[in-house]
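Colleague: Those sequence lines, one after another, are chains H and P.
Last residue of the first sequence? That's 114 in our numbering, and every number before it is there in order.
Last residue of the second sequence? That's 173 in our numbering, and every number before it is there in order.
Check the hints yourself; a few may be wrong.
To be verified - Derived pair list, reagent style BS3-like, types lysine-lysine, alpha-carbon separation capped at 30 Å:
1) 100(P) x 71(H)
2) 77(P) x 84(H)
3) 100(P) x 60(H)
4) 77(P) x 79(H)
5) 100(P) x 77(P)
6) 60(H) x 77(P)
What the hints assert, rightly or not - Derived coverage of chain P by chain H (criterion: at least 3 residues anywhere in the stretch with Cβ under 8 Å from a Cβ of chain H; other residues may be distant):
7) 93-103
8) 128-142
Since the hints were made in silico from the structure, they are not lab data.
All values reported here derive from a predicted model rather than from experimental measurement.
In this text, a Cβ means the ideal position worked out from N, Cα and C, and glycines have one as well.
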Amino acid sequence: GQNIDQPTEMTATEGAIVQINCTYQTSGFNGLFWYQQHAGEAPTFLSYNVLDGLEEKGRFSSFLSRSKGYSYLLLKELQMKDSASYLCAVRDANTGNQFYFGTGTSLTVIP
Amino acid sequence: ETGVTQTPRHLVMGMTNKKSLKCEQHLGHNAMYWYKQSAKKPLELMFVYSLEERVENNSVPSRFSPECPNSSHLFLHLHTLQPEDSALYLCASSPRDRATGELFFGEGSRLTVL
């Protein structure tokens, strides 16, 4: 099966940098995805990694190490609106490209 | 606005009721999904439809019955549910023939079973 682990909660200060880690175990890795979900809203796609390395998109970056089964999402210059749940998901080619999600990390940004 | 619309946004039903959740996507995607989101648990995949054919049914109880009449519409028919079925039900779509193929989610239908 797939095991997607990420911290349940994190707190960070406005203007700071925060790193949200995700570890996974899967036999048919075919991409790692990060989603942001504000309370009462739809999860929205943030980033996608399929090769090792760092992908940067403005204030958000995502890193992947396939050999370690490890990813992180880096949020820079935190803003209050970044308070949300961040979901890590892995796509598995051995199960028809099904997505497997972690429980999500609830990030609270404080002034 | 993600291009995936779900109705109703909130639903309260008794255990003997029959109701349906509706999902509509205007993105031209060819795969649609139902997920269940419960507090403190990972998103659980319930059903997948690709090109209007069901390709996954992850041991979901028969009191949940999906229907996909065309590539833009997806329904989840609910019958004799249990209180533990109370959750947020998320619909998603994706372009399965594209390398990234990320999921686009609707805002969900919050279901409460009394």
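Colleague: Please go over all the hints and tell whether each is borne out by the structure.
Modeller: Results for each hint:
1. 100(P) x 71(H): Answer holds: residue 100(P) to residue 71(H) is near 24 Å, not above 30 Å.
2. 77(P) x 84(H): Judged against 30 Å, a Cα distance of about 39 Å means the pair is violated.
3. 100(P) x 60(H): Holds - the C-alpha atoms of residue 60(H) and residue 100(P) are around 28 Å apart, at most 30 Å.
4. 77(P) x 79(H): Answer violated: residue 77(P) to residue 79(H) is near 47 Å, above 30 Å.
5. 100(P) x 77(P): Within the cut-off at roughly 26 Å; holds.
6. 60(H) x 77(P): violated, 45 Å
7. 93-103: holds (count 4)
8. 128-142: Since 0 is below three, the answer is violated.
Hint compliance for this structure: hints 2, 4, 6 and 8 are not met, and every other hint is.
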